[in-house]
Amino acid sequence: MSDIILETRGLTKHYGGVHALEGADFAIRKGEHVAIMGDNGAGKSTFVRQITAVEQRTRGDVIFDGKPVHFAGPIEAREAGIETVFQNLALADDLDVPSNMFLGREKVRFKLGPFSILDNKAMREATMGGLVKTGVKIPNILNPIRNMSGGQRQCVAIARTAAFHSKLTIMDEPTAALGVQETAQVEKIIRTLKEQGEPLILISHNMRQVFDLMDRIVVFRRGRICANLNVKDTDPQDVVAYITGAKTGAEFEDV
Amino acid sequence: MANSAHGIGGLVFDDKKKARAPEWNVFFALILIVVVFEVLGMILQGQSLLFDTDGRFDSIFNEQRVKIIILQVSIIGIIALGSTQVIILGGIDLSPGSIVGLTAMISMSFAQVAEVNGMVNPKLMFDGVADLPVIVPVLIGLVVGIAAGIVNGALIAYTKIPPFIATLGMMVAARGAAKWWSKGQPISFPTEGYATIGSGMMPVVIFFSLAVLFHLILKYTVYGKHTYAIGSNEQASRMSGIKVDRHKVLVYTIAASLAALAAIVLSSKNLTAQAGMGVMYELDAIAMTVIGGVSLSGGRGSIIGTVLGSLIFGVIISGFTFLRLDAYYQEMVKGVIIVGAVVLDQWRQQRAAARL
Ligand SMILES: Nc1ncnc2c1ncn2[C@@H]1O[C@H](COP(=O)(O)OP(=O)(O)OP(=O)(O)O)[C@@H](O)[C@H]1O
Ligand SMILES: [Mg+2]
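Taken in sequence, the protein lines are chains A and B. Residue numbering for the first sequence is 244 to 498, as defined by this note's numbering. Residue numbering for the second sequence is 4 to 359, as defined by this note's numbering.
In case anyone wonders, no lab produced these hints; they're calculated from the structure. Any given hint could be a false lead.
What the hints assert, rightly or not - Derived lysine-lysine pairs resembling DSSO-like cross-links, with alpha carbons at most 27 Å apart: (1) A:364 with A:380; (2) B:126 with A:364; (3) B:246 with A:364; (4) A:350 with B:222; (5) A:310 with B:246; (6) A:350 with A:376; (7) B:186 with A:354; (8) A:364 with A:350; (9) B:337 with B:272; (10) A:410 with B:246; (11) B:222 with A:354; (12) A:350 with B:246; (13) B:126 with B:222.
Said to hold, decoys possible - Taking beta-carbon pairs under 8 Å as the criterion, some of the chain A residues facing chain B (in silico): (14) 317; (15) 318; (16) 321; (17) 329; (18) 336; (19) 347; (20) 348; (21) 351.
Where is the CB? At the ideal position from N, CA and C, for every residue including glycine.
Just need the whole structure built from these sequences, with the hints factored in.
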């Protein structure tokens, strides 16, 4: 099937004795929006870190865009077309908003290897454009983000992924720290991605959000996938039952 | 939803009330210290430290003393430009003092004259290696610095040992190499060309030129941005695709090259090289850096701050001599300044954290 953008087979991660992720078989089609749900410590972020090569997996295969991939690090994953908002946001606190937006892929005016001259003006303007989409309020984007609120920081991280075109976007709890309005704006960004046919993996604890926005829900429990549900065929109580372990999907029963 | 120049989402931002750049605090500290020494000078010595009170000069300053103060900090200031970058990166470098010793010895052995007063140069290091063009010892010296810096950087980036340990090793090893080079003998009698590099006010010119260069590099290039980013959050920098390890090697190499340059200027100024040159320079350089407001936890600080820090350092040291206080007090006070600057930095950070 060539319309699958990302697939994992038997993806496994052990931290010493901790089996954080065990044999995850997962697939997402082009244009599809899939939610990953599960309790704290279920292995959701670990799953993301293996796909984006922030860590090297213990076992298993990752097939992206039709080819098995072994990214050496997150930069390779990003260059291949996977944009990620990490749960810990990955921002540099002492730098201002434009510097964080373009961290590691700065716009330059004059190429000179490591001593290339920065194009601060272009980065500032692109940052303004990207942030407007999230609807966040930031009094001065040239302040270091150390002094900014959790939600403002989160919007910077989200705007960063939205500003660049990608084949797959992954967001790890993007609205966890956001206010009502900002959450609505981020959900608007997600809807825009859907309209543009860009696939998305969204990790969220917010049942309403998932049922409003997503096509499919994959439930993680204790490092294993325990359910794969179409949003149309399920309801919140059902999902809670899978998350807590009261139920297990038919095809996952042997685990 | 009106957006201000740099704000977004309708919050009002008053451009006039922008926070004062931290360098201003360092500048005010410099003024304050000058005032303290002026007052003490008037009381204890009956004369001014920096100003021309008896009309010996054309300007309002005591030019001679101002020159001495700046000249005195210039050579270590060159090293401090490197320490600044290493500390912003979140590291520390203890090796520059020893790299000064080693580079001075090696450069000088390729900068000697063939004959002194019509006789064969008695200190000639290598037979037949004399009267070379000045570019040769300079390039050789830089190569020594680059090599030492690559070793420092590679140890830190790829074996993951703490910078403190890696550069401590280099500090001991490079000093040993400096002594081994000529079996402890000083090397003297440089060519006229070589002697020009550090003559007169040349060290000051070199220091300020390099300061301007690295100020621009840190502020306007990708290199500068990545140095701050890594010092601020190494993990985030890595995840954002910055080649952190390669960048670390580059920064430590630049720092060691600056130490090598300082060695060339120093040996030229002294017209001789000794294995013991540069002992403890790294600590003075770190002191200038920290006084200048560069945070030891990385991510914050600037070249302007360090230049101001070096001037504060110079005023304090000269001030003590001026007040005829013992050299012992100087060293003790140096210690107090270093610790004081670090305490101040910690305090600033806690205050910044409390505001979050
Ligand atoms: N580097 C590590 N070393 C050891 N254990 C780890 C490491 N990283 C994660 N773990 C463990 O792996 C398990 C899964 O963690 P993970 O961060 O993937 O959870 P999560 O599903 O994202 O939870 P949350 O909803 O709280 O974000 C946890 O038990 C965690 O303690
Ligand atoms: Mg998580």
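Cross-check of the supplied hints:
Under the criterion of a C-alpha separation no larger than 27 Å, the hint pairing residue 364 of chain A with residue 380 of chain A is consistent with the structure, at around 20 Å. A distance of roughly 58 Å separates the Cα atoms of residue 126 of chain B and residue 364 of chain A; the hinted pair therefore is violated under the 27 Å criterion. Between residue 246 of chain B and residue 364 of chain A the CA atoms are separated by roughly 24 Å; this keeps the pair inside 27 Å, and the hint holds. Proximity of residue 350 of chain A to residue 222 of chain B is assessed by CA-CA distance (about 14 Å); at most 27 Å being required, the pair is judged to hold.
A hinted pair counts as satisfied when its Cα atoms are at most 27 Å apart, and residue 310 of chain A with residue 246 of chain B qualifies at roughly 25 Å. Between residue 350 of chain A and residue 376 of chain A the alpha-carbon distance is near 21 Å, which keeps this suggested pair within the 27 Å criterion. Restraint check for residue 186 of chain B and residue 354 of chain A: the C-alpha separation of about 47 Å exceeds 27 Å, so the hint is violated. Proposed proximity of residue 364 of chain A and residue 350 of chain A is supported: the alpha carbons are some 9 Å apart, at most 27 Å.
A threshold of 27 Å between alpha carbons decides the hint, and for residue 337 of chain B with residue 272 of chain B the separation of about 25 Å falls inside it, so the pair holds. Distance check on the hinted pair: residue 410 of chain A and residue 246 of chain B sit about 23 Å apart at the alpha-carbon level, within 27 Å; holds. Our distance criterion of 27 Å between C-alpha atoms is met by residue 222 of chain B and residue 354 of chain A, whose separation comes to about 16 Å. Proposed proximity of residue 350 of chain A and residue 246 of chain B is supported: the alpha carbons are some 16 Å apart, at most 27 Å.
Note on residue 126 of chain B and residue 222 of chain B: the hinted pairing is violated, with a Cα-Cα distance of about 45 Å set against a maximum of 27 Å. The restraint placing residue 317 of chain A at the interface with chain B holds, with a minimum CB-CB distance near 5 Å, inside the 8 Å limit. With its C-beta approaching chain B no nearer than about 3 Å, residue 318 of chain A sits inside the 8 Å limit, and its interface hint holds. With its C-beta approaching chain B no nearer than about 6 Å, residue 321 of chain A sits inside the 8 Å limit, and its interface hint holds.
Nearest Cβ of chain B to the Cβ of residue 329 of chain A: about 7 Å, under the 8 Å cut. The hint holds. Interface restraint check: residue 336 of chain A against chain B, minimum CB-CB distance 5 Å, threshold 8 Å, status holds. With a least beta-carbon distance of about 4 Å to chain B, the hint placing residue 347 of chain A at the interface is held under the 8 Å criterion. Given hint, residue 348 of chain A at the interface with chain B, holds; its Cβ is 7 Å from that chain's nearest Cβ, closer than 8 Å.
A cut of 8 Å between beta carbons decides the hint on residue 351 of chain A: the least distance to chain B is about 6 Å, and the hint holds.
Hint compliance for this structure: hints 2, 7 and 13 are broken, all remaining hints hold.
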